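Line by line, the protein sequences give chains A and B. Going by our numbering, the letters in the first sequence line up with residues 1 to 390, in that order. Going by our numbering, the letters in the second sequence line up with residues 1 to 390, in that order.
Everything labelled a hint here was simulated from the structure, so no lab data went into it. It should be emphasised that the depicted structure is a prediction, and the values quoted were computed from it without experimental measurement. Cβ atoms here follow ideal geometry from the backbone N, Cα and C, with glycine treated the same way. Each statement offered as a hint is correct.
Label pairs and their calculated CB-CB ranges:
#1 E248/A / P205/B: 54 to 64 Å
#2 A339/A / N168/B: 56 to 66 Å
#3 G40/B / G116/A: 51 to 61 Å
#4 A374/B / D251/A: 26 to 36 Å
#5 D235/B / P315/A: 23 to 33 Å
There are 2 protein chains.
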Amino acid sequence: MKDAGNFPIVGMVGGGQLARMTYQAAIGLGVSLRVLSASGDDSAALVGADVRIGSHESLDDLLAFAKGCDVVTFDHEHVPGEHMLSMWTAGVVCRPGPDALALTQNKLLMRELLTGLGMPCPRFAEVPAAAPLRFLESFAEESGWPVVLKAVRGGYDGKGVWVLDTLNRETAELVQGLLARGAELMVEEHVPFRRELAALVARSPHGQGAAYPVVETVQQDGICVEVISPAPGLDDALALRAQGLALELADRLGVVGLLAVELFETESGLLVNELAMRPHNSGHWTIEGARTSQFEQHLRAVLDLPLGDTAPAAPYTVMANLLGGTDPDVYSRYVHVMAHDPAVKVHFYGKSVRPGRKIGHVTALGHDLDEVRARARYAADHLRGPVPDA
Amino acid sequence: MKDAGNFPIVGMVGGGQLARMTYQAAIGLGVSLRVLSASGDDSAALVGADVRIGSHESLDDLLAFAKGCDVVTFDHEHVPGEHMLSMWTAGVVCRPGPDALALTQNKLLMRELLTGLGMPCPRFAEVPAAAPLRFLESFAEESGWPVVLKAVRGGYDGKGVWVLDTLNRETAELVQGLLARGAELMVEEHVPFRRELAALVARSPHGQGAAYPVVETVQQDGICVEVISPAPGLDDALALRAQGLALELADRLGVVGLLAVELFETESGLLVNELAMRPHNSGHWTIEGARTSQFEQHLRAVLDLPLGDTAPAAPYTVMANLLGGTDPDVYSRYVHVMAHDPAVKVHFYGKSVRPGRKIGHVTALGHDLDEVRARARYAADHLRGPVPDA
Chain A
1 MKDAGNFPIV
11 GMVGGGQLAR
21 MTYQAAIGLG
31 VSLRVLSASG
41 DDSAALVGAD
51 VRIGSHESLD
61 DLLAFAKGCD
71 VVTFDHEHVP
81 GEHMLSMWTA
91 GVVCRPGPDA
101 LALTQNKLLM
111 RELLTGLGMP
121 CPRFAEVPAA
131 APLRFLESFA
141 EESGWPVVLK
151 AVRGGYDGKG
161 VWVLDTLNRE
171 TAELVQGLLA
181 RGAELMVEEH
191 VPFRRELAAL
201 VARSPHGQGA
211 AYPVVETVQQ
221 DGICVEVISP
231 APGLDDALAL
241 RAQGLALELA
251 DRLGVVGLLA
261 VELFETESGL
271 LVNELAMRPH
281 NSGHWTIEGA
291 RTSQFEQHLR
301 AVLDLPLGDT
311 APAAPYTVMA
321 NLLGGTDPDV
331 YSRYVHVMAH
341 DPAVKVHFYG
351 KSVRPGRKIG
361 HVTALGHDLD
371 EVRARARYAA
381 DHLRGPVPDA
Chain B
1 MKDAGNFPIV
11 GMVGGGQLAR
21 MTYQAAIGLG
31 VSLRVLSASG
41 DDSAALVGAD
51 VRIGSHESLD
61 DLLAFAKGCD
71 VVTFDHEHVP
81 GEHMLSMWTA
91 GVVCRPGPDA
101 LALTQNKLLM
111 RELLTGLGMP
121 CPRFAEVPAA
131 APLRFLESFA
141 EESGWPVVLK
151 AVRGGYDGKG
161 VWVLDTLNRE
171 TAELVQGLLA
181 RGAELMVEEH
191 VPFRRELAAL
201 VARSPHGQGA
211 AYPVVETVQQ
221 DGICVEVISP
231 APGLDDALAL
241 RAQGLALELA
251 DRLGVVGLLA
261 VELFETESGL
271 LVNELAMRPH
281 NSGHWTIEGA
291 RTSQFEQHLR
301 AVLDLPLGDT
311 APAAPYTVMA
321 NLLGGTDPDV
331 YSRYVHVMAH
341 DPAVKVHFYG
351 KSVRPGRKIG
361 HVTALGHDLD
371 EVRARARYAA
381 DHLRGPVPDA
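For reference, chain A alone in the conformation it holds in the complex (with noise of 0.2 Å):
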């Protein structure tokens, strides 16, 4: 199973950007990443010696895949929860596990078990299929409109998640074809959140933890388009409380590898929002600014290796997300953007250019926040070239 040196072999289930990003990191640390990828133009499919094209829905792929690896993970969370299962009752090392795994797949369910062990979130409920919009309305006079809708399971990148103002014939219509589609729906208050912020962390399977400095996410339209490393003037014990809740709850839920967590800054506090358990968007940032990337992190926890030193490089580093324009030819652009700043990185992923598609991301560094924060807008803006028309 091992290779020269004893290396091992890890297995990540998906071949999209996070994959491609883990890559290059197993190159440097000499362990050998195979990837389960649904198709040969996949991200990280494009680069990675040891690809298998099939399906994460598919047990028997899964479980073909998974032959002669040490340890499999996942690139996202849309395994079947019963593959997961079947996995492990069949001896495959699944790092995250399927009791882990199961509640990134199920926003009720996470919930539930967040609001049980005392951590703090939305007021929240199931919307019922019979009677749905009386308890729309009754859950929203207590919360106040608008109400967050949210499909329990799928979703990302603001794909299942509804903004509802009040309930009118266009809302009513929405909430009654979902639930006639079979959707699980459920509500939450509408956070009237300063801003939204991440912690990442990691943990090994001997229960070893690591956290990151905490980031601000900066969304449009559901979509991460900037993330500031450290968020920045965020008080001290704000932060150590984001990246406590952070490790607790990966210690509680038995989570290994990395853990980020979504939360929204408030007047009277953090809420959680989100969790994801694999690399995140939110922790792209750590290539260039910390000392170990979360694609290096990643890996060592699921190799139960020691974790790495998350110090930052630099004060301030800012990564922008590299959305595509109506122009495929993003390369003719590079030439302006290196010229421009030859100290910005950029990243890509490989994908052909649709507007509005995650193609790459940039990241900038350095001691003057704003100035960092200019320079990766500008890279990203410029790469992207011309936007669809308003």
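Starting from the known structure of chain A, fit chain B onto it as the hints suggest.
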């Protein structure tokens, strides 16, 4: 020829660790790196998605490999000069080109050219096949013993270089044996240097140059074991002189890509020792220690993209080469090294372990040079494990 986003394809001839680390950089840039490797077990062949197995000594293999590449570059200097010219004639964009690369294959030609350019070099001469011993005696009469005997072609990591303390039966047999086997030989004065330095620069086709901080390289038995950036206590004027000399050389020789100039620091100034036109062992520290790694820089240069920032990321960065010991189970020693120093960075090349073979390197950085050196040294020594009895 181009993939999504019009990203180019770079071909790299040679599948060693330099190609492996260049591959990591290419993934981030979104550039496809195709590798020509002698074997599927080579360092870069183990990780690349687009690896062609073939010989750099076969023109057919080289031309087939180059087909579809926007530019071809090199992990080593061993492509025969006539093949370089044939590729060039066939319209393959080779960077560096045949003229420049030829200099790294012929130490005598290189010395003659450097001397012609007014670059400071050790005294040297060709050893004639007729009466070589008498020639060596008379050379040593002027420069003193010991002298350095070199094979004009081939040789690296101390191979093809012999320090002769005097002419006796053993050394005479060495010289005559080499000549009898058809080797061309040259002799150089043995420079009483204080230490060895290296100046790493990049040059792009349109003539942009970029210089990294000048480093000190520490050799043992002709193999570089440690690189310190910047060279401690190096006089500013001398550092500028080394950078200027390397930039001028790159320009005068028409180098495209990286140029590493190995230098002797002597009582009376700098002398040029060797040249390499590719990423170089003396630049591995740049992965963590500079804003732009030498591997990214090489890709930017050969693609004629603006060069990246060479500023150091920390006051001191130390790279220690990791040599194989007698116990091949390197991975089992990971745990201790990572637990001992969470901030040290380990790079493995995927090579099977043999005593004395370069199988990876480690990098440490920080403010206190003694501490940083000790950390890098400790990690490399521990990972090596038991060494053969002396």
